[in-house]
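**Q** With chain U held as given, fit chain X onto it using these hints.
What follows is the residue order along each chain.
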Amino acid sequence: MPTYKDMVQPVRASEAEMRKIHIEPVPDDQKCEKAIQYLDEIRKKYRSFVMAMESCVKCGACAENCHTYLGTKDPRNIPTNRAELIRKIYKRYFTLEGRWFGKLVGAEDISLDVIEEWYSYFYQCSQCRRCAMACPFGIDTCEVTFIGRQILHWLGIVPKLHMGVGAAMEKVGNHTGLPKPGIVDTLEFLSEEIMDEFGVEVNFPVDKPNSDILYIPSSADYLLNPYTLMGAGMYFTYIGANWTIPSTVSEAGNFGLLFDQYFTQRHNVTRLLDAAQNLGIKKIVWGECGHGWRAAKMYIPSLADRPVNWPITHIHDEVAYHIRTNQLKLDPNKVDHPTTLHDPCNYTRACDLQENLRTVIKACVADFREMYPNKERTFCCGGGSAILFDDPEMYQRRIQLSAKKAELVRATGVGKDGNGYLCAPCSICKAQLYPMVEEHELGVEVKGLIDLVGKALVWK
Amino acid sequence: MSWFILQVLPYITVTVFTLGILYRLGRWAGARIVHNITLAPFPQNNSQVVGIFATEVIFFRSLFKSDFALWVGAWVMHIALFSVIGGHLMGIYTLGKQFVYIGMSEGLSEAMSSLLGTTFGIVVFFALLYLLFRRMSIQKVKEVTVTSDYLILILLLSIVTAGDIMRLVPSLSMEYAPAKEYVTYLVMLQPIPATAEVLHNVIFVIHLLLVQLLLIIFPFSKLMHILGMFAERWIINRPYTEPAPGLPNVDVPAARAAGLGLPAEGGVE
Numbered sequence: 038m039p040t041y042k043d044m045v046q047p048v049r050a051s052e053a054e055m056r057k058i059h060i061e062p063v064p065d066d067q068k069c070e071k072a073i074q075y076l077d078e079i080r081k082k083y084r085s086f087v088m089a090m091e092s093c094v095k096c097g098a099c100a101e102n103c104h105t106y107l108g109t110k111d112p113r114n115i116p117t118n119r120a121e122l123i124r125k126i127y128k129r130y131f132t133l134e135g136r137w138f139g140k141l142v143g144a145e146d147i148s149l150d151v152i153e154e155w156y157s158y159f160y161q162c163s164q165c166r167r168c169a170m171a172c173p174f175g176i177d178t179c180e181v182t183f184i185g186r187q188i189l190h191w192l193g194i195v196p197k198l199h200m201g202v203g204a205a206m207e208k209v210g211n212h213t214g215l216p217k218p219g220i221v222d223t224l225e226f227l228s229e230e231i232m233d234e235f236g237v238e239v240n241f242p243v244d245k246p247n248s249d250i251l252y253i254p255s256s257a258d259y260l261l262n263p264y265t266l267m268g269a270g271m272y273f274t275y276i277g278a279n280w281t282i283p284s285t286v287s288e289a290g291n292f293g294l295l296f297d298q299y300f301t302q303r304h305n306v307t308r309l310l311d312a313a314q315n316l317g318i319k320k321i322v323w324g325e326c327g328h329g330w331r332a333a334k335m336y337i338p339s340l341a342d343r344p345v346n347w348p349i350t351h352i353h354d355e356v357a358y359h360i361r362t363n364q365l366k367l368d369p370n371k372v373d374h375p376t377t378l379h380d381p382c383n384y385t386r387a388c389d390l391q392e393n394l395r396t397v398i399k400a401c402v403a404d405f406r407e408m409y410p411n412k413e414r415t416f417c418c419g420g421g422s423a424i425l426f427d428d429p430e431m432y433q434r435r436i437q438l439s440a441k442k443a444e445l446v447r448a449t450g451v452g453k454d455g456n457g458y459l460c461a462p463c464s465i466c467k468a469q470l471y472p473m474v475e476e477h478e479l480g481v482e483v484k485g486l487i488d489l490v491g492k493a494l495v496w497k
Numbered sequence: 158m159s160w161f162i163l164q165v166l167p168y169i170t171v172t173v174f175t176l177g178i179l180y181r182l183g184r185w186a187g188a189r190i191v192h193n194i195t196l197a198p199f200p201q202n203n204s205q206v207v208g209i210f211a212t213e214v215i216f217f218r219s220l221f222k223s224d225f226a227l228w229v230g231a232w233v234m235h236i237a238l239f240s241v242i243g244g245h246l247m248g249i250y251t252l253g254k255q256f257v258y259i260g261m262s263e264g265l266s267e268a269m270s271s272l273l274g275t276t277f278g279i280v281v282f283f284a285l286l287y288l289l290f291r292r293m294s295i296q297k298v299k300e301v302t303v304t305s306d307y308l309i310l311i312l313l314l315s316i317v318t319a320g321d322i323m324r325l326v327p328s329l330s331m332e333y334a335p336a337k338e339y340v341t342y343l344v345m346l347q348p349i350p351a352t353a354e355v356l357h358n359v360i361f362v363i364h365l366l367l368v369q370l371l372l373i374i375f376p377f378s379k380l381m382h383i384l385g386m387f388a389e390r391w392i393i394n395r396p397y398t399e400p401a402p403g404l405p406n407v408d409v410p411a412a413r414a415a416g417l418g419l420p421a422e423g424g425v426e
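So the sequence lines, in the order shown, correspond to chains U and X. This note's numbering runs 37 ahead of the 1-based position in the first sequence. This note's numbering runs 157 ahead of the 1-based position in the second sequence.
Just so you know, these hints were derived from the structure itself, not from any lab. A portion of the hints provided could be inaccurate.
Here are the simulated distance ranges between beta carbons [to be verified]:
no. : chain 1 : residue 1 : chain 2 : residue 2 : range
1   : X       : D408      : U       : K371      : 21 to 31 Å
2   : X       : L182      : U       : K371      : 57 to 67 Å
3   : X       : S294      : U       : K140      : 17 to 27 Å
4   : U       : E476      : X       : H235      : 35 to 45 Å
5   : X       : L176      : U       : E476      : 48 to 58 Å
6   : U       : E230      : X       : D408      : 22 to 32 Å
7   : X       : T275      : U       : K71       : 51 to 61 Å
PhoX-like cross-link-like pairs, simulated, lysine-lysine; straight-line CA separation at most 20 Å [unchecked claim]:
no. : chain 1 : residue 1 : chain 2 : residue 2
8   : U       : K441      : X       : K222
9   : X       : K222      : X       : K337
10  : X       : K254      : X       : K337
11  : U       : K140      : X       : K299
12  : X       : K222      : U       : K412
13  : X       : K337      : U       : K110
14  : U       : K399      : U       : K412
15  : U       : K110      : X       : K254
16  : U       : K366      : U       : K497
17  : U       : K110      : U       : K441
18  : U       : K441      : X       : K297
19  : U       : K371      : U       : K399
By construction, the Cβ of each residue, glycine as well, lies at the ideal position given by its N, Cα and C atoms.
So that you can see chain U by itself, here it is in the shape it has in the complex (with noise of 0.2 Å):
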């Protein structure tokens, strides 16, 4: 178990899988120099970087607001001191006062113990933005370790999990390095289990020419949330919509966003826009993932290196308009079971989708409870931004992650009788909530939003 001085981390990846995702690794003596050269580059650029290291006035608002800090009550996970450990080093080499005064403004030299804090605890952060929303002056914690692990991927270090993913992304353009044909047969699959299930026909269109809808599940959704895609297929069949799921690029997540805003999201980002040109769509629709919407609705605008000639929205905004404007028939008593909602942190805080997904789940279950806080001021389930380390100590970690997720849970009485339903529309929050329901015991059974869109549809 990989271990540096006290600090956790998750297992990195070899020099040879990093050179998978065309990062040449910087030799260990070369690697402060780097970091201050990469970071004086950045600096540069990003405002909201610079924002966060020249305006806090390190009040401490942030640190009840943040889950991983109560979780794990390490010091350093305290937002504006996980952003301290680059800012020390930021003062250092980039203020007067740094300069001049060092220690007594809290600067530092950068050295290898500095970097490997970087690497501990700025993937501890869920990217979560709760302390963005807490600060007084709204300064994004997020931005910081964005920008860390950007400057740890150029110097060769980044988590096994996050490499794979963003190596399979670029060979067949998803996350889980399914192929075509392995799409085609799962889509066939689950053809059949809806037919059996609910008795409904359902086709699932791959690539099929002169579409005007581009639907873009989430990788995840084929193996281990069959019900959201299934939802999906009965909704846009129900609907009459002429729809299509790319195989290019079948992967509404964007691991990108989470270590590489360079090449590895901006390539995914060419995928869709390539998909979209050659079939000929009219309107992209992103299916259940919350990173991979924030980096779709907020990062592609500006990612995109051409015209983007396609509206793209949400599922449960589409969901959303075709129950308030009364076109779809749902059966709420289909859904026998009290459920709760947790509120996927990039949707809430950074994609504004907070009424939708409540306008969706109560047309679609009888005996629906609100979790607070909620909203804008949700809790993360603990494994934002993909920190879903398997290697037994990180495990431990997910645990402490989730702890204030499951207190939570549990003051809505759902899981009172063992038969909740916890809904979590992201890939990434029912990756953590699966095994995280079960550790804190917690009654209720995970599920997607367009899950109970599916079982609640009335055909006739």
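**A** What follows is chain X alone, placed relative to chain U:
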């Protein structure tokens, strides 16, 4: 020494303060807003953005929601400090007759100016003490603090203490008139006569020395948060227009009438 602090240092202070702030603002402006990181709920237009800025700047809305105990100290301190600074400007300029503009008599205005100044001076002292105590006593806050955080609080406390002494100890007090005279000399770039009262009030000289120290470190410290707050919110509170919902070539009633999804013979529960 008094002569240096009151006659020479102010010009150095103003130069460092102005150039320092321009330097910092230049650094901020040099970097760009690269991606859209607007924070939900998204404002729909610029008047909503102004509303967010106003509630944050005037009432510290986010802090109120996230840490009430801190909000009490911080809000009271900032409002009192702001009032004190405003009182300095107006009181010295009008010689305490600023409230004549809202209908008071001259005598009442002077009494009001004096009363409010002393009150806010005491309030800001205790609020600063509260913040310092908080920084030293709460574990999580101690863990985020570096030495300069304490020093800035102590500097502010010293400035306020010197000011309050002049307010509360009659033998050390400083009237508006000699202060105005002194500021006039500075602004008109004229030498201060050796007999000027300001040169002979030790507390006043200390007060001015500490204030100038604060202004000199201002551009190179976290005190820049006063401007940083606007710059940061300019990034995270921006209007956003959602794309229109509704899917192309979708006609739900027609699809349902055609029975799409229903198998040829039965099957649906």
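**Q** For each hint, tell me whether it holds in the structure or not.
**A** These are the hints, each one checked on the structure:
1. X:D408 x U:K371: 21 to 31 Å: Holds, at about 25 Å.
2. X:L182 x U:K371: 57 to 67 Å: The hint (57 to 67 Å, Cβ to Cβ) holds, given that L182 (chain X) and K371 (chain U) are roughly 59 Å apart.
3. X:S294 x U:K140: 17 to 27 Å: Taking Cβ atoms as reference, S294 (chain X) and K140 (chain U) lie about 23 Å apart, which means the hint holds.
4. U:E476 x X:H235: 35 to 45 Å: With Cβ atoms ~44 Å apart, the hint holds.
5. X:L176 x U:E476: 48 to 58 Å: holds, 57 Å
6. U:E230 x X:D408: 22 to 32 Å: The hinted range 22 to 32 Å holds for E230 (chain U) and D408 (chain X), with Cβ atoms some 28 Å apart.
7. X:T275 x U:K71: 51 to 61 Å: holds, 58 Å
8. U:K441 x X:K222: Measuring from Cα to Cα gives roughly 18 Å; hence the hint holds.
9. X:K222 x X:K337: This hinted pair is violated, its Cα atoms lying about 42 Å apart.
10. X:K254 x X:K337: holds, 13 Å
11. U:K140 x X:K299: holds, 16 Å
12. X:K222 x U:K412: holds, 14 Å
13. X:K337 x U:K110: violated, 54 Å
14. U:K399 x U:K412: Since the Cα atoms of K399 (chain U) and K412 (chain U) sit roughly 15 Å apart, the hinted pair holds (cutoff 20 Å).
15. U:K110 x X:K254: violated, 55 Å
16. U:K366 x U:K497: holds, 9 Å
17. U:K110 x U:K441: holds, 12 Å
18. U:K441 x X:K297: holds, 18 Å
19. U:K371 x U:K399: Satisfied, since the Cα-Cα distance of roughly 13 Å is no more than 20 Å.
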